[in-house]
Amino acid sequence: MKMIIAYIRQEQLPAVKESLSGAEMFHFTVMPVLGTAPRAEQRTFRGVEQKVTLFKRMRLELVVKDSDVENAIEAISRGAMNSGGGGRIFINDVIDAVKIWTGERGDRAI
Amino acid sequence: MKMIIAYIRQEQLPAVKESLSGAEMFHFTVMPVLGTAPRAEQRTFRGVEQKVTLFKRMRLELVVKDSDVENAIEAISRGAMNSGGGGRIFINDVIDAVKIWTGERGDRAI
Amino acid sequence: MKMIIAYIRQEQLPAVKESLSGAEMFHFTVMPVLGTAPRAEQRTFRGVEQKVTLFKRMRLELVVKDSDVENAIEAISRGAMNSGGGGRIFINDVIDAVKIWTGERGDRAI
Amino acid sequence: MNAIDTLWILLCAFLVFFMQAGFGMVEAGLVRTKNAGNVLMKNVIDFSFAAIGYFIFGYAIMYGSDEPLVGTAGWFMFGVESPLEGVPVEAFWLFQAVFAGASATIVAGAVAERMKFSAYLLYSFIISAFIYPVVGHWVWGGGWLADLKFHDFAGSTVVHGLGGVSALVGAWLLKPRFGRFTNDGQPRAIPGHSMPLVAIGVFILWFGWYGFNAGSTLGFSDPELVARIALNTTLAPAVAAFSAMSVSWMRYGKPDLSLALNGVLGGLVGITAPCAVVNSGSAIFIGLASGILVVFGIDWLNRLKVDDVVGAFPVHGICGIFGTLAVGVFGSTALGAPLQGLLYGGGFGALGIQALGVMACLGFTAISMFVVFKAIDAIFGLRVSHETELKGLDIEEHGMESYSGFQIFTTE
Amino acid sequence: MNAIDTLWILLCAFLVFFMQAGFGMVEAGLVRTKNAGNVLMKNVIDFSFAAIGYFIFGYAIMYGSDEPLVGTAGWFMFGVESPLEGVPVEAFWLFQAVFAGASATIVAGAVAERMKFSAYLLYSFIISAFIYPVVGHWVWGGGWLADLKFHDFAGSTVVHGLGGVSALVGAWLLKPRFGRFTNDGQPRAIPGHSMPLVAIGVFILWFGWYGFNAGSTLGFSDPELVARIALNTTLAPAVAAFSAMSVSWMRYGKPDLSLALNGVLGGLVGITAPCAVVNSGSAIFIGLASGILVVFGIDWLNRLKVDDVVGAFPVHGICGIFGTLAVGVFGSTALGAPLQGLLYGGGFGALGIQALGVMACLGFTAISMFVVFKAIDAIFGLRVSHETELKGLDIEEHGMESYSGFQIFTTE
Amino acid sequence: MNAIDTLWILLCAFLVFFMQAGFGMVEAGLVRTKNAGNVLMKNVIDFSFAAIGYFIFGYAIMYGSDEPLVGTAGWFMFGVESPLEGVPVEAFWLFQAVFAGASATIVAGAVAERMKFSAYLLYSFIISAFIYPVVGHWVWGGGWLADLKFHDFAGSTVVHGLGGVSALVGAWLLKPRFGRFTNDGQPRAIPGHSMPLVAIGVFILWFGWYGFNAGSTLGFSDPELVARIALNTTLAPAVAAFSAMSVSWMRYGKPDLSLALNGVLGGLVGITAPCAVVNSGSAIFIGLASGILVVFGIDWLNRLKVDDVVGAFPVHGICGIFGTLAVGVFGSTALGAPLQGLLYGGGFGALGIQALGVMACLGFTAISMFVVFKAIDAIFGLRVSHETELKGLDIEEHGMESYSGFQIFTTE
Ligand SMILES: Nc1ncnc2c1ncn2[C@@H]1O[C@H](COP(=O)(O)OP(=O)(O)O)[C@@H](O)[C@H]1O
Ligand SMILES: Nc1ncnc2c1ncn2[C@@H]1O[C@H](COP(=O)(O)OP(=O)(O)O)[C@@H](O)[C@H]1O
Ligand SMILES: Nc1ncnc2c1ncn2[C@@H]1O[C@H](COP(=O)(O)OP(=O)(O)O)[C@@H](O)[C@H]1O
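Chains as they are written, first to last, in this note's numbering: chain A, 1 to 110; chain B, 1001 to 1110; chain C, 2001 to 2110; chain D, 3001 to 3412; chain E, 4001 to 4412; chain F, 5001 to 5412.
Treat the hints as calculated values from the structure; they're not laboratory data.
Remember, predicted model here, so these are calculated numbers, not experimental data.
The C-beta atom is built at its ideal place from N, Cα and C for all residues, glycine as well.
Don't take every hint at face value.
Claimed, not checked - In silico contact screen, one side only, chain C against chain D (beta carbon under 10 Å); selected entries: (1) Ile2005; (2) Leu2034; (3) Gln2042.
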C-alpha cells in the first residue's frame, strides 16, 4: 500500500475528483493548506505592500494498493493541471491499514 | 517508530481522546479534513440540489513506538466507532524524530 | 527523499520561514492544526471552567533530498524555538515524487 | 397634538421591531456554527408568528375588552377601537405586536442547539397568540392587576419575566445539550461561535430598547417623562455592563465579554419596569444590581444543571423580577408611580403589590408553559435526535450550513 | 404642521438610507467568501454614485418639470423648489435619492461573483442618474402614468420592479457563474458563505422598509394612513416568511432559511405599491402570495438557466409586478386608491391601468438596461476573466481577502 | 413647539448612541481574529464609562456654568437646568453623553491589538469625564472659544479632532504592533479579519451620523436648516467614498475597499463642523478633499511609523481639522455662520478664528492626553506583554476566543 500525497490548486479539486472517480478511486481525504510558489505575490492593503508567499492549495491524501499507484498519479495529474500550474505528488509507503468498522487490516482495509 | 494516521468522525474526537489517554498516549495532533463516504448526501440550497460528496472528518496523527502500535490502533478504534461508522487508520513508518526543545532524537523524542 | 513533518507554534512560522529560506529550502506546505501540550490550560467562558487540551499549532511539511535532511532539521529547530517551547519533528521516507507540470519524477521533482 | 403621539409610537415600534435582529444576532453568536442558521430561522419565524398570532387572537385577548381575566372581542382586529385618543389603533397594535414578538423570541436562545424546529413553531405561536396576551391583559389591558395598581411600565415582568420564565421551563424540560455537563455533573463550557455577532446584537437591542421603554409612554404629551425614561435607559445598562464585567473579573480572574454584554441586557431589563417612576440615582443602583444578578444567576443555573444557552433566564427572568420589585422600592409617586415606594416612605405596600403581580404573572406563565411544552413533547417531541444534535441542526433540520467555505470543527 | 412633516420625511429617509446596509449584508452573505468584499464595494459605491448622480441629473429628470416624458430643469438642484408645501426641497431630495440608491443596488446581488467592478461603476451611475429618474418621472413626477391614475404608492414597480428587471437583464447577459449549471444543464447549488449576514441584512431591510413605505406619505398629516401602512408593512412580510418557508419545506423537504428570508423581502416588495390603499386582510393575502412567488420564481430562473445569485428578480421583479397589479385588485377608493379595485366592484379598469403601467415601466427598463449593459460590454467588458472568477474578485479586483486569518476553501 | 424639539433631540441621540455599534464593528473588523473580542469589550466599556463619567463629572464641566475655562457646577447632574427652552435637561444630557462616548471610542481602534485592557479602562473614563468636557465647554458650553465665534457645528474638532488626536498620541506612545514594520522600517500590512464587519460598521456610523449632525440643531424649529444638514451629510461622504477609492486605485493599482470605507468616514467627519453653514456645492468639495486626505493621511502615518490600526487619526483627526477650517472658507453668514467665510468675501478672519480654535482644542488635547497616557503607563503599563500580543488579547486578557469552532491562523 502507498499513501499518495498531492498538493494541487484549490480550483482544480472538482476536476481531480472527477478523474479519480474515472479511475475508480473513490476514497480519499482533502484538506486546505498553504503552500509556497516560485514567485511571491504583491498585494496592497490600505496602501501598504504585502508580500504574499503562501498560497491556498489543496492537499489530497489517498491510500492505494501498490498496483494502483501509477493510475492514481496519472489521474491526479490529469485533473490538477491548469494554465497556471500543476502541483506536486509525493508517494509514501504504508505499512498497514485498518478499517475500523469491520476491523479488516491491510489491503482489504483501503 | 510509526506514524498512525486516523480519519475519524468529528463528533468522536472526545471519545478517542479519552480512550487514547486511557492507553497513556498523551501526544497527538488533529486537523479537520474532508473525506469521502460510500454514499453522497443530497441537500438542497434555495431549491437547488446539491450533491455533497465530501464530509467533515477529523484527521488524527500520532507517532508511537513500534511496540505501542497495536495499543494505539485498539484505543482509536474503540473511541471512533459510533452507530454511523468507524473510520480508517493507516500506519506509516517513521525514520527519526526530534524534540526541538531538548534536541533529543529517535524514540526518546516521541 | 524524506518528508519532514514539523509541528511548531503558530507564532514561530515567520521565523521558521526565514531560517528555511536561509538554508535555501523554498518549497514547503503548512497547515494549522491542533496539538496536545504537557499541561491543559484553564479558561472560563461565562463563568464555566473550560479545560483546553488542544492548542493551535502549525504543521509544516517539507520534502527534501536525503542529503538535506539534517540541514532542514537544523533550520526548523532554529526558527521554531521560543521561550515557551519548541515543537516536534518527524522524518518519514518518501518513495517517489512527481512534479505535475513537467512530469518529472524522483529527486528532480522536489 | 395627536400627530406627534402617533409619530412617536410608530417610530418606537420600528425600533422595537429592530430588536428582533438584536435577539437573533445574540442568539446566533452564542451557539456553535452548526446551529447558527437554525436559531436565526426560529427568530425569523417567531416574529412572523407573533405578528400573525397577535393579529388574529392576541390583541383581542389583551385589549379587546376589559374583563378582569381575558379580553374577548376584536378577533382579527375586527371592530377594535384605539384605546388612545387620537392615535390610530393600527399604530397601537403595531407597538403591542412587536412586544409580543420580543417576548416569544427570548426563549429561542435558551433552548437553542437542541429544540426541534417544528416544536418551536408551535410553541412560538401559542406564546404570542395566547400566553403573552393573557398576562398582558392583566397588567396593561385593564385586567385585575391593573386594578390593584401593579406597575410594570414597559414590561420587566410582562415581556421579559414572561419570556425568561418560559425560557427556564423550556431549557429545564429539554435537558442540557450533550456535553454541557460531565458525567459527574460538572458544567463544561460550550463557547459561542462569534463574539462580534453577540456584540452587534446587544447594541441593536439597546438601541431598540429606547423605543421599548420611551415608547411605552404611548405618546409624546409629556416630554419630561420621555426624557427621564431615555436617561434611565442609558444609565442602568451602562452601569450594569460595568458591574457584570467587574464581578466576572473578580470571580473568574478575567473580564468576560459575553457576561459584560449579558450585563447590559440585564440592566436594560431591570430598568424596564421602573424606568418612568424612578430617578437617575435609582436607575444607577438598579443597573448595578442587575449586572451582578446576571452573573450570579448564570452561575446558579449551572449549579442547577439547567442549560440556558444564552442566559435568557438570568437576564430576562431574574432581572425582570428584580426590576419589577424595584418599582416597589424606588418608585416615587411624584414621578408618577401609582404607589409610593419603600424608599420614599411608602412602606411595604407597593412592594407587596409588585411581588404579588410578579408571582401571579410568572406563576401563570410557568404553569401554562409547562403544559404547553409537555403537550408539544407528546405530539412532536421537543428535542432533536442525538445524531442531529451532534451533526448540528443546520444540516439536519434545514439541509444547509451557515458558514459555507469556512473550515470549521463541528466538535470541540 | 410643517415641522412634523419634514421631521417625518427626514427620519424615514434615514431609515431608507440604512437599507443600503441591509442590501450589502444580504448580498455579501449569499456569495462565497472570495467575493464578499467585491459585492460590498459595489454596494458602497453604488450608493455614492446614486447620491451624486441623482443630485446632478436624476432629480431634474424626475421632478424638475412636469412634461409627460422627462423633467428638464433643476440640474445640480439649481433653482428647484419643493413640490411639498412647507417641506424643504433638501428633505424631499434626500428621500428621493435614497430610493434611487435602493433601486441601483438591487442589481449588485444578481450579477455578483462575476461582474467587473469598473463595468458595475458605470452601470450604477447610469441607472440612478438616468434610467430610474425617467420611470420615476412617469409615475411620481407628474408624467403620463401619473395622469392615467396608475398607482404605485412606494415603488413596487418604480423602485423594485425596475431594480429586479435590471437584475434579470444583467444576470442573463452575464451568463451563469462557472459551475452554477452542469454541462448537461442541471443547476448546482453554490451556497452563500454566511447566513447570519443574510439574516441581519433582511432585518435591517425590514426596519428600513418602514421608512420606505410609511415615509412615502411624504408627510404626517394623516396619522391614520401612516399607521395603516405600518401595519400592512408588518403583516405582509410576516406572512410571506411563513409561506415561503412552508413552500420550501413542502417542495424540498426541509424549511430553507435563505428562502424564508427571501420570502420576507418578497412580502415587503409586494406590499410596497398597495400598502396605502388596501386593508390588512388584503395585506395578508399579498404577503402569502409573495412568499410563494419568490420560491417558484427562483425555481423558474433555475429552469431558464439564469444565475441570479441572490434572487433579485424573483424578490424585486416578480413580487414588484405582483404588488403593483394587486393595487388593481385590492385597492379601495375608500382608502385612497385613485380607482376602485376589482374586489370592490371596480371592474378591470384599475387592473388594466396597473398592467399598462407595469408594462410601460418595466418594458422601458428592460430595453434601456439591455442597451446599457451591451454598451458597457463593448467598452469595458462586463465579465471578469475565468481566472479572476476562480480566484475570487476580492483578490483579483481589490487585492485583498475579506476574511484574513480564517482557513477557507476557495472551491467547493 | 417644544414637544417636537425634544422628540427630535431624543431620536437623534438614539441614532448617535447606535454609532457605538458602528465604531465597534469597524474596529473589530480591522483587527485580527485574535483581538476582535478585546476591541469590542473596550468599545462596550468605554460607552459605559462615558455615560457614567459624563453623568458624574462631564456634564458639570461642560455645561454646568459658563466660566471661560471650565464649568464648575452640576456634579451628578444635581440641580442642573436645561439650557434649551422647553427641552428637558435629561434629553439634552443624553444627546451630549452619546457625543462623549463617540469621542472616547475613536481611540480604541488606533491602539488596538496591543493596549492593555485595564489601561484602556482608565483612559476612557478620563477622556469622557474630563478631557472632552473641557474642550466641549470652550466651544459649546459658553467658554472662551464660543465667545470668539469659533464655529464647530457638530464637532469636527470637539468630538472627532479630539478623538483623532488622542488616538495619535496613544498609537505613537504605544509603538507599532509587532511585525507592523520590518526591521529596516518598511511598513507591512496586517490585514483586518472581516470586511463585512467593517462595512456594516461604516453604514451604521453613517446612519447614526444623521443624528449626530442634524440633531446638533438641538431642536426642530428650523426645518430648512435640518434638511440642509441632512443633504450635506449625504453628499460629502458619498463623494468621499468615491474620491478615496479613486485615489487608492490610482496610487496602489486597485480600488481598496477598506480605504473607500475610511473615505466615507472621512467625508462624514469633514462635513461635521460646516454642515449647517455651507451649501451643497461646498459639501461636495469638502467630501472630495476629505476622501483624498484620508488616503494620504494613512500613507503619511506609515511613513512616520505610527501604527494607527484603523486609521483613526487620518479619519477623525485630519478630516476633523480640515472640516473645521473649511468653515472659515465655505461658511456663509447667510446660512448662519457667525463669520463670513473666505469664499464669500469674509477674508481670512473666519479662517483665522477656526485655525486658532483647532490649535487650542487639539493642542490642549495632545498635551493632556500625553500626560494621561504617560501617567497610566507609569501606573499600569500601557502595553501588553510580547507573548500576549502574539497569542492575542482575547485569550490572554479575557480567556476566550472570538470565533470558536473556526479554523484560524493566529499568525500570518
Ligand atoms: N518540497 C516540497 N515539500 C513540501 N511541499 C511542497 C514541496 N514542493 C512543493 N510543495 C507543495 O506543492 C505545492 C505546489 O507546488 P508547485 O509544483 O510549485 O505548484 P504549481 O505547479 O501549481 O505552481 C506548493 O504550493 C507546496 O504546497
Ligand atoms: N483510501 C483512502 N485514502 C485516503 N483516505 C481515506 C481512504 N479511505 C478512507 N479514507 C478517509 O477515511 C474517512 C473514513 O472512511 P470510512 O471508513 O468510509 O469511514 P466511516 O466508517 O466513518 O464511514 C473517509 O472520509 C476518508 O477521509
Ligand atoms: N507523538 C506525537 N505524535 C503526534 N504529534 C505529536 C507528538 N508529539 C508531539 N506532537 C505534536 O507536536 C506539538 C508540539 O509538541 P511539543 O514538543 O510538546 O511542543 P512544545 O515544545 O512547543 O511544547 C504538539 O502540540 C503536537 O501537535
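Would you pick out the hints that fail for this structure and give their numbers low to high?
-> Violated: hint 1 alone.
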